[in-house]
Amino acid sequence: MAELAHGVHRPRSFIARYVFSTDHKVIGIQYMITAMFMAIAGGALAMIVRMQLAWPGEKWRLLGKMFPDGVEGDIMKPEFYLSLMTMHGTIMIFFVVSLALIGGFGNFLIPLQIGARDMAFPFLNMLSFWTIVPACLIMLGSFAVEGGAAQAGWTAYPPLSAVGAAVPGSQWGQTLWILGMALFIASFTMGGLNFVCTILDQRTKGMSLMRMPITIWTLFISSAIGLLAFPPLLAAAILLLFDRHFGTSFFLPSGLYFGNGLLPNSGGTPLLWQHLFWFLGHPEVYVLILPALGITLDMLPVFSRKPVFGYRLTVYCLYAIAALSMIVWGHHMYVSGMSPYIGEFFAIGTLSITVPSAIIGVNMIASLWGGSLRFPTPMLFTIGTIIMFGTGGFGGIFLGNATSDIQLHDTYFVVGHFHLMIGGVTLMAAFAGVYYWFPKMFGRMMNETLGKLHFWVTMPAFYVLFLAQHFQGLGGMPRRYFDFDKFEYLQKVAAANLHVSLTAFVLGAVQFVFLFNFFWSAFKGARSVKNPWCATTLEWTEASPAPHGNWGEQLPEVHRWPYDYSVPGAAEDFTPQTAPATVAPVTF
Amino acid sequence: MERRSGLILAIVIWLIGAGVVMMGARTWLPPLASEHGAGIDAMINFTMTATGGLILLGHIVLGLFVWKFSRQDKITFRLAGPRMERRWSLAVALLVAAIAEGGVLVIGLPVWAKVYDTASPANALIIEVTTEQFAWNVRYAGPDGVFGRADPKRYSLDNVLGQDPDDPAGRDDIVDLNMIHVEVNRPVLIRLRSKDVLHGFFLPHLRVKQDSVPGMKIDFWFVPNKTGSFELACAELCGLGHYEMRGVLVVMTPDEFRKWKEEKRNG
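Chains P and Y supply the protein sequences, listed in that same order.
Take 1 as the starting number for the first sequence in my numbering and just add one per residue.
Take 589 as the starting number for the second sequence in my numbering and just add one per residue.
Hints in this document: simulated from the structure, not taken from any laboratory.
We treat Cβ as the ideally placed atom computed from N, Cα and C, and that holds for glycine.
Among the clues, some could well be false.
Stated by the list, open to error - Residues from chain P that face chain Y, not an exhaustive set, calculated with beta carbons under 8 Å:
| # | residue |
| --- | --- |
| 1 | M51 |
| 2 | W55 |
| 3 | V167 |
| 4 | N260 |
| 5 | T269 |
| 6 | L373 |
| 7 | F375 |
| 8 | T391 |
| 9 | H409 |
| 10 | Y463 |
| 11 | L474 |
| 12 | F482 |
| 13 | V586 |
| 14 | T587 |
Unchecked claim - Derived lysine-lysine pairs resembling BS3-like cross-links, with alpha carbons at most 30 Å apart:
| # | chain 1 | residue 1 | chain 2 | residue 2 |
| --- | --- | --- | --- | --- |
| 15 | P | K492 | Y | K662 |
| 16 | Y | K662 | P | K452 |
| 17 | P | K486 | Y | K814 |
| 18 | Y | K849 | P | K486 |
| 19 | P | K65 | P | K77 |
What the hints assert, rightly or not - Simulated DEER-style distance windows between Cβ atoms:
| # | chain 1 | residue 1 | chain 2 | residue 2 | range |
| --- | --- | --- | --- | --- | --- |
| 20 | Y | R591 | P | V506 | 22 to 30 Å |
| 21 | Y | D807 | P | P264 | 48 to 56 Å |
| 22 | P | A495 | Y | E623 | 27 to 35 Å |
| 23 | P | G73 | Y | M610 | 42 to 50 Å |
| 24 | Y | E844 | P | K486 | 25 to 33 Å |
| 25 | P | P568 | Y | R591 | 22 to 30 Å |
| 26 | P | W55 | Y | L693 | 43 to 51 Å |
| 27 | P | K486 | Y | P842 | 28 to 36 Å |
| 28 | P | V506 | Y | R614 | 39 to 47 Å |
| 29 | Y | T637 | P | K486 | 29 to 37 Å |
| 30 | P | G73 | Y | N747 | 32 to 40 Å |
Isolated chain Y, as found in the complex (with noise of 0.2 Å):
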């Protein structure tokens, strides 16, 4: 009776490891459109295969444990001194240490350094966004690179950024509603606000996710590498409409985005 079950449960247990493997080593992560993204990608691969493999093993042992000892009617080890307990913790320790610390400190910080501890490139494109239920407002600094003033007591449903319209810096600004335009391989800097509730700044493909958080501005950048349209989702609870808070990032050759700016400005 108990080798039956010893044996059963232990065929589960290695289905259930050999099934964990085989779904990590298809491809899952949405494809890569930035720079930095590699890095993030190489972090995420390192933890999938290292603890794939710890998973495999662990099920492996486990199932053979339950197999074995399910077959003997006396036990055959009892107690394990100090010092065997001590040994064994200590191989332990080494291993997830080197897997999860070496991970961080060897190949994540480096990349998140790069991210958020660097300041952007002199050549980035800024660009502020502002979040609002449910709604991406994106605004250019126009030729001059300078924003025009705004202020949260400005805001109304026609001037929903709360511009200034004295202010000369201000005529150039394009602005935009969930449709951001950029060149591809020019570093972007995102100036991230909220009028509201937080929201996620979230680009799958470029593996960018930064909150917008009402009374702070957010910089941050990074740089796209592909042309094409990548979705924008809302990734922080913000109300009924959550769901349905989509943006699109525009990557564009350089002549593309020239020709775009200036349809923008004329029309």
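Next up, chain P with everything else stripped away, as it sits in the complex (with noise of 0.2 Å):
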């Protein structure tokens, strides 16, 4: 037992406990506030982004002090609109919904859902917040180089990712972008091993594979496929610094000519990057959705009394996704300049993910029937995913079709689509994990007036903005536009921008109510009692906030699965996992 005992013993310092800590719980927060930063970062690039759509060629005289370079004059320039672009999506993506739903949720929840005192590798889980941390600081600090921010998109298509002269930002902010991603690769390499060593080794007695909560199930797939698909990225951001610094030819075709000279390059072709930046890049949305499905699928039953609908189904679909994710990164290629023929390989294979995910969807609508349904703040953002996960969802049959993806792609469609899905999908499930969750993370309960008016003004926003964005897209909108008054086709459509726009700002300014409630919360709120929601699964056995090492001597023991609720017989309307079949039968 001096294992045990270790592992039980509580660090002392404050630095050990807060700062440089290997306590999973610990570790979760610190990514979840991290990612609530970087949120408030690329959140704030995405106003001033609207900001640009809305009153094209206005004057900021704010912003002209803060980048007196992209800003000059107070009038904004077209390269530092690219920046904003650019760096609002990496940081959403990779800084902010990869780090609360999988640094923050699959670090909080990952040994208090299974049973275990802490992930497999502490240590390491502690290397990878602290790997996250600089990737951060570089993201951030890449606005102060010279030429800015890296300005060719998200996907950092090459040659304009790689040859300096073709935009201001490939000077060495795209060198930082690539030290950035590489960062926050081997940090989500790190994690993602943990979690998937973690949840196939540490599993407390009883609690077998078809025991666990399905968020456990999705962020367990989702460190799997990112373990797949990160490694080729890495290796292809490897391949493009070299081709930046290095004089190497690997994306670079001959005959490139940039300010008046012929580039010394031959051989390499733009397409091998955009093969291996989807190879990741799709799987890499499934990354993100998952978990904001598991926690969707978890969140129901609760606030529904009554099991999850299709527990088999659902993780055999999650296993299905997760393959199928893997051969379909051709779809963002249709008319890139791929073989035609592969297209229609990738149009039939992406339209086969349309099947799990319906399926998925479906067993979340039908997890109501019957049920007595409540509506705490939790259960209204979850309720909210799942209408986000249906219309984005279908805005998908379009986009996943070469066909219609030819007049759809690179428009706003696609723009509304993926805000939707790993915007509005994760946010929202985010968002209810976090108002769920808050009583095990601090001992207290958040604001439930704040929350629901938290709820009240971002569901509706979000759908109205991003659904707009669908239409302007039909109307053949371009994205990455710094402004559509030169185009004659483009004035009806872009009209909306206005309105898009100040949506956008409500949706924006909404949030500083939840971030107040966050902190203000932790302090002050209403203290919890050990399990507030009457939940089931195994962190709520414990103490709110858990101890260090989540248990006292004992590990729980499991008897059931986690959706035992309003077992016939039972005294109460929900057993916990932890109740032998003595206590209420087993109905699983």
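Two chains, each in its own frame: build the complex with the hints.
Next up, the structure:
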């Protein structure tokens, strides 16, 4: 028992406890707060983007003072706009949603929900977090270098991203982007490896795989996809670095002409980058969206007081989505110059993902059937997630189809679609998760009134904002345009930009209600009881917040699946996973 | 309390569903001006109708469940058996497979195959478009039907396409900037090249989009079937002038086109 006693021992010093901590709960919260910090940065970039689109050519005195190079004479330059949208995308995808869902919830929940004392490799876990911190600083700092932050889009397609003369941001900004991404991938690989090992190896007695909450399933599968998909991007990023600084030609063909001179490169092709990038890029959206779906499916039983519908099939569907996600990357490249015959394969493959996705969607709605619904803030956001997943998912049928994608590719339809999916679904679910697990993190409840205000502004605003962009895209409005004044055919659809921007400002502003609620409640919120939601999963059998080492002398023993709500004959309408069959019948 | 929340939420869900369908029912696509575009529009319209129906149905059902089951304090249905789960999943799988896979196989890919897997008709007008930051360089072969030699090594500010002045085949070539003139109802074959970065050849009214890639020569064709001027936009991020990389496709009657060519050659 020496090992166990050591595990329970709580570090004394402030630094070991809260800064360089190896406790998965602290690391999870560190990830989450880092994600919130980066969300403020990434959100601010989006707001500046929307300012330009609402009032092109307007003078911005404050911005002119903050960014004298990018907003020269108080007027925004197109290259600065490209930095804004490039870094908004990069930060939101990799440094907000990935950090919050995978780093935050993954670290916080995995040991607590499978009955482990900590991650399999606590030191690696700490290292993973502290690798992210410099990555964040490098990304933010890249705005300060000459030429500004990267400007080639979050997809960083060469030659734009490979040749310094192509765009000002491809001087030092793009190099820093590559370094930041490399650190991110290193961190994610450490984290992902840790997640997979922990889930496979550290489950407590009785916690068979088919007794795991779906959140854990999704984190497991997401980590596995991430581990397979991220290394190729790292390789690609290193090749790009070589093309940029050491004269190689992986992505650069002969005949490139910049600034009245021919480049010496020859033999490479820009399409190679696109393949490598999307080989990661597409699985990455599933890495993000699966945990969101997991959280949603785990929230539904708690607030409907009945088991989730279709647990087994959901798990099979998750596997199917994971497998398919690895072989459909080419649907981002239908009109890229890739062979059209391969396009046909990717179209058929991509659209087959609708089948497992739709089954999961219907399982969510069906989980409500016959339940006794309650609507505290986490449940409201859960319903919001389902709405976004439905509408956003159907948008994917347009884009996965090569034929309709000819018209819609690189238009605002794509922008609207991925914002609903990897913005809306993931953030709604993350909010639901924060409101729900907050008492587990801090022993206090978040304020319900503020939470409801947050939901009732966020959900409709998010939906209207990005639905509108779908229609602008159908009207042929190309993405990544600094302004839309140059084209006659765009005048009608682009007129909506003002309204879209105003909605975006409302959406941005109301997030401060959430941030205030989070930090205020962490110190001043009402004290929570041990199991405030009357939930069945393991984390609620321990004190809130859980002690270092999570469990007392004995690890918990699991006797049933996580959804034994309203078991016939049981004393209460929830039966914890630790309750043996003698207390209430095991129903699954 | 739960009843009131449930009802409000349900009403919002229904409004969202109705709103999406009302918006989707409006005309959004730019007016069509090409032959194959009808197939692309059919694909988009089919998907709009099918997903619009599913979105409406989904929101009605979700709202109904939210409203109905917020009104009961005790659950009325608990756990579905494996058979029931499988049956529901199968029904859903078949429905969306029919819409998504059925749509792409029956409506989508035949159009795709016509656009990309079929050689252009013999009478096609061949036009070379070479993109650069931030312009469309357009070249016609002239009466001999042969393009003169061009080589990146000769690129200069005066010779943007790197044409060889000694090649007799190139003497009658017509070179133009940001303007593409074509004949109505005659197939157009675009031979797309790029000098620097990726660009995207996007004719929204003709449902044409193709990236240009340095190091590659990409051929594609379409048949404009309406006369008039149609804007050409860059669809692939190409740098700080991306938003103003505008061109115009002028679709003319055969007579007008002949006159234009003569003027161009004489001027």
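Results for each hint:
1. M51: violated (16 Å)
2. W55: Status violated, d = 16 Å.
3. V167: holds (4 Å)
4. N260: Given a least distance of 6 Å, the restraint on P:N260 holds.
5. T269: holds (6 Å)
6. L373: OK, holds: P:L373 within 8 Å of chain Y, min 4 Å.
7. F375: holds (4 Å)
8. T391: Where the cut-off is 8 Å and the nearest Cβ of chain Y is about 6 Å from P:T391, the hint holds.
9. H409: holds (6 Å)
10. Y463: Holds, because the Cβ-Cβ distance from P:Y463 to chain Y comes to roughly 6 Å (cut-off 8 Å).
11. L474: holds (4 Å)
12. F482: Check passed: Cβ of P:F482 comes within 4 Å of chain Y, closer than 8 Å.
13. V586: violated (12 Å)
14. T587: holds (6 Å)
15. P:K492 / Y:K662: violated (52 Å)
16. Y:K662 / P:K452: Holds, because 25 Å separates the two Cα atoms, which is no more than 30 Å.
17. P:K486 / Y:K814: Holds - the C-alpha atoms of Y:K814 and P:K486 are around 23 Å apart, at most 30 Å.
18. Y:K849 / P:K486: holds (28 Å)
19. P:K65 / P:K77: Answer holds: P:K65 to P:K77 is near 14 Å, not above 30 Å.
20. Y:R591 / P:V506: 22 to 30 Å: At roughly 29 Å between Cβ atoms, P:V506 and Y:R591 fall inside 22 to 30 Å, so the hint holds.
21. Y:D807 / P:P264: 48 to 56 Å: Violated, since Y:D807 and P:P264 (Cβ atoms, about 28 Å apart) do not stay within the stated range.
22. P:A495 / Y:E623: 27 to 35 Å: With Cβ atoms ~31 Å apart, the hint holds.
23. P:G73 / Y:M610: 42 to 50 Å: Distance hint for P:G73, Y:M610 holds at roughly 44 Å.
24. Y:E844 / P:K486: 25 to 33 Å: Taking Cβ atoms as reference, Y:E844 and P:K486 lie about 26 Å apart, which means the hint holds.
25. P:P568 / Y:R591: 22 to 30 Å: holds (25 Å)
26. P:W55 / Y:L693: 43 to 51 Å: holds (46 Å)
27. P:K486 / Y:P842: 28 to 36 Å: Between P:K486 and Y:P842, where Cβ atoms are some 31 Å apart, the hint holds.
28. P:V506 / Y:R614: 39 to 47 Å: Because 24 Å falls outside the window, the suggested range is violated.
29. Y:T637 / P:K486: 29 to 37 Å: holds (34 Å)
30. P:G73 / Y:N747: 32 to 40 Å: Holds: the Cβ-Cβ distance is about 37 Å, inside 32 to 40 Å.
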